[in-house]
Amino acid sequence: MRRIIDCHCHIYPDKIAERAAQAIGEFYHIPMCCNGKISTMLEEGKKAGIDRFLVFSVATKPQQTPSINHYIAATVEESKGHMLGLGTLHPDDEDPAAEVDSIEALGLRGVKLHPDIQGVAIDDPRCLRIYEACEGRLPVLLHTGDSRYDFSNPNRLIPVLKRFPRLTVIGAHFGGWSIWADAAEQLCRYPNLYVDCSSSLYALTPAEARHIISLYGAERVLFGTDYPMWHPVEEVARFDALELTERESRLILSENAERLFGFR
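Quick note on numbering: the sequence shown equals residues 1 to 264 in this note's numbering.
Everything labelled a hint here was simulated from the structure, so no lab data went into it. We put the CB at the ideal spot given by N, CA and C, even for glycine. There may be inaccurate statements among the hints.
Pair ranges (Cβ atoms, derived) [unchecked claim]:
#1 Gly107 with Arg163: 20 to 30 Å
#2 Arg210 with Gln64: 35 to 45 Å
#3 Pro125 with Lys61: 12 to 22 Å
#4 Asp150 with Gly49: 31 to 41 Å
#5 Ile30 with Asn155: 18 to 28 Å
#6 Ser147 with Pro31: 15 to 25 Å
#7 Gly49 with Glu94: 35 to 45 Å
#8 Glu26 with Arg2: 31 to 41 Å
Build the full structure now, drawing on both the sequences and the hints.
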């Protein structure tokens with residue numbers, strides 16, 4: 001039986017989950033397929049054959065950082081091995097290095113930033129403090145790409161990859177949501193960059209997706225559904241439609257995540 005690890009899941013407390021999911025949909029003008037609740041993620045993930053999840057949330061204000069990180073850590077602990085978590089940081093956090101210490105102490109496996117929603121460019125000096133604190137310690141998962149803005153496109157990411165060569169970066173959405181092919185052509189040469197395929201397969205033909213994967217190499221691609229934006233069953237079906245080799249599928253669906261984040 002194959003193993004599937006979903007490396008891109010936004011989660012929220014039940015009391016705000018539907019409202020938070022709706023806000024994401026409004027930002028991207030894409031209706032949400034799911035409601036953002038953990039129980040829904042687990043139920044729909046099971047239907048899709050997913051049994052492990054990388055979960056996180058994004059701080060839109062610096063004062064949210066500690067509470068979100070403690071919430072993610074508590075949720076992971078309650079999951080009894082089905083989840084690992086990423087902490088969040090905000091570019092305006094007063095002491096990013098101390099927050100990274102806290103994230104590690106909580107047992108979280110990396111840091112999630114969303115430059116477009118947080119309104120700060122990837123290469124802003126405030127973000128550089130975060131990368132400096134994480135380099136050699138924790139991977140950083142970044143939302144990357146948006147043709148509407150100039151916060152997270154390759155021109156912003158490349159200087160970071162060059163300046164912090166020991167920083168492991170995961171560029172969500174094949175490194176460039178809405179600019180997939182152009183982003184891959186520019187970013188594939190940087191060995192410290194991994195990507196995930198979340199919120200991408202819905203917009204790409206199988207041939208286009210296979211080409212992007214070939215540019216990065218399957219050993220640097222992770223599977224992700226971008227829950228709650230997309231339905232896990234549909235995302236797994238879209239991935240299967242790529243008709244990758246058994247080795248490529250195994251790397252993307254589980255082995256890369258096991259290596260990067262320590263999934264068991």
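To see whether the hints hold, each was checked on the structure:
no.	hint	in the structure
1	Gly107 with Arg163: 20 to 30 Å	holds (28 Å)
2	Arg210 with Gln64: 35 to 45 Å	holds (39 Å)
3	Pro125 with Lys61: 12 to 22 Å	holds (19 Å)
4	Asp150 with Gly49: 31 to 41 Å	holds (38 Å)
5	Ile30 with Asn155: 18 to 28 Å	holds (25 Å)
6	Ser147 with Pro31: 15 to 25 Å	holds (20 Å)
7	Gly49 with Glu94: 35 to 45 Å	holds (43 Å)
8	Glu26 with Arg2: 31 to 41 Å	holds (35 Å)
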